Amino acid sequence: MRLLVVSVLCLASISQCQQEHKFSSSVGPCDDFHEFVCNKDGNNGQSQLQQELRYGYKRTLNDCLLNYNDTILDFFDTLPGFDRAEAMKTRIIWEYYNLIYAKCIVNKNIIPFNTRNIELPETFEKVKQRVIEIIENSTSITDQQKKDITAELKAKKAILGLPLQVNFHDLLDQVTDFTQQFFDDLKKSTPLPSDCDANCTVSHYAKLLDKAYAMTNADKYITIRFTSGNETITIDLTRPYILTNSTYIYKNQANVAYFSPATLYVPSGRYSEAMKHVDKISFAFLFLQDAFKKLGNSLNNEAIDCYRSKNISDIDLVSIESFRIVADMLLEDENFADNPMKFGDVMDSYDTVQRFAIGMELYWCRNDSHSGNTYKYTQQFQDSFECKADQKMFSSQEDMCRLFY
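Read left to right, the sequence shown gives residues -19 to -1, 1 to 386 (mature numbering (1 follows the signal peptide of the UniProt record, and there is no 0)).
Read the hints as simulated data drawn from the structure, not as lab findings.
Zero decoy hints are in this set.
Taking lysine-lysine pairs in the DSBU-like style, the calculated list, with each CA pair at most 35 Å apart, reads:
| id | residue 1 | residue 2 |
| --- | --- | --- |
| 1 | Lys257 | Lys138 |
| 2 | Lys188 | Lys169 |
| 3 | Lys70 | Lys168 |
| 4 | Lys201 | Lys169 |
| 5 | Lys70 | Lys192 |
What follows is a set of in silico ranges between Cβ atoms, one per label pair, in the way DEER data are often shown:
| id | residue 1 | residue 2 | range |
| --- | --- | --- | --- |
| 6 | Leu60 | Asn354 | 52 to 62 Å |
| 7 | Glu103 | Thr71 | 39 to 49 Å |
| 8 | Lys168 | Glu133 | 53 to 63 Å |
| 9 | Asn278 | Asp151 | 50 to 60 Å |
This structure is a prediction, so every number in the text was calculated from the model and none was measured.
Backbone N, C-alpha and C define an ideal beta-carbon position, used for all residues, glycine too.
Throw the hints in and build the complete structure from the sequences for me.
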């Protein structure tokens, strides 16, 4: 296996890339992994790849809205002074825009059916089982703690994207039809003032549309509440664009984790194979963070002191432990054997952990405070990149902190 060499890549989903992402030519992966992957100077801090990672989901929805064939939006397009893109900034007719965003999420198939309904649930369960095994085999956790934690982990459920139990197409179409009907009625009963200029006209119809949308009682239709076991799970699609940028764990439903479409979004293209494994570390992080909080002061003091001595925060601590788990899972999976991959005009050999580590770090290129250089404290990183003792990213086995295994 040879080391990862500098390469150039461009996402296939981006036509006419203005600036391809370049790995650093002056810093190697074992010198400074964050700088090697992100190459802030070489990419001016924001290559097309980084743009896609940071804004791809938002751009996909915005493009959908700008081109969406909708009777009400088509009407507004005829009004002098109205522009769909500008309306995104000013948030005029924002309630109705959110409805269209919801339809885009459902109709654009942003998270492919097989990924959302088959692959992700299987991955969630596999990662859960691995974490349970690690907890059960730990020598620093009491039997009662193991019993309590594993019982809690086994009860964990995930909503991945949108619940399968709900027909969102019909629900959203129903709200759209009602809004259209009420809007038409209001236009007839509330004529445009005779002295209205362009701004006044847009404002007039925007107020009517807001009123029409409110008359639909949209939350009755697209605020989804359904029962799973003894818990009632609520997902509010009346704010899909605003509220889909994070992973939510309902405080009053501790066993339910909601991974929104935005959280699960992975850019398509030649480098998506590396990025698609990020969901695994999200799941591992969820489980380990719960175990970490549950154990509290009874955690392995030696391991905690080890992390503290390296100024590693609790979040990075759990991230490192999660990285170790996922890397091991990938190495054990025959489907992720070494094979040549072509990026741009360069052919290189990337092993499993290299792809995973690079994909992880690409997500953090905009955040220098969260550096992938902490991954050096895992044996998987050391073995994969063959770091030497005189390199910054080198870490001996004796210097590696291990909390759970």
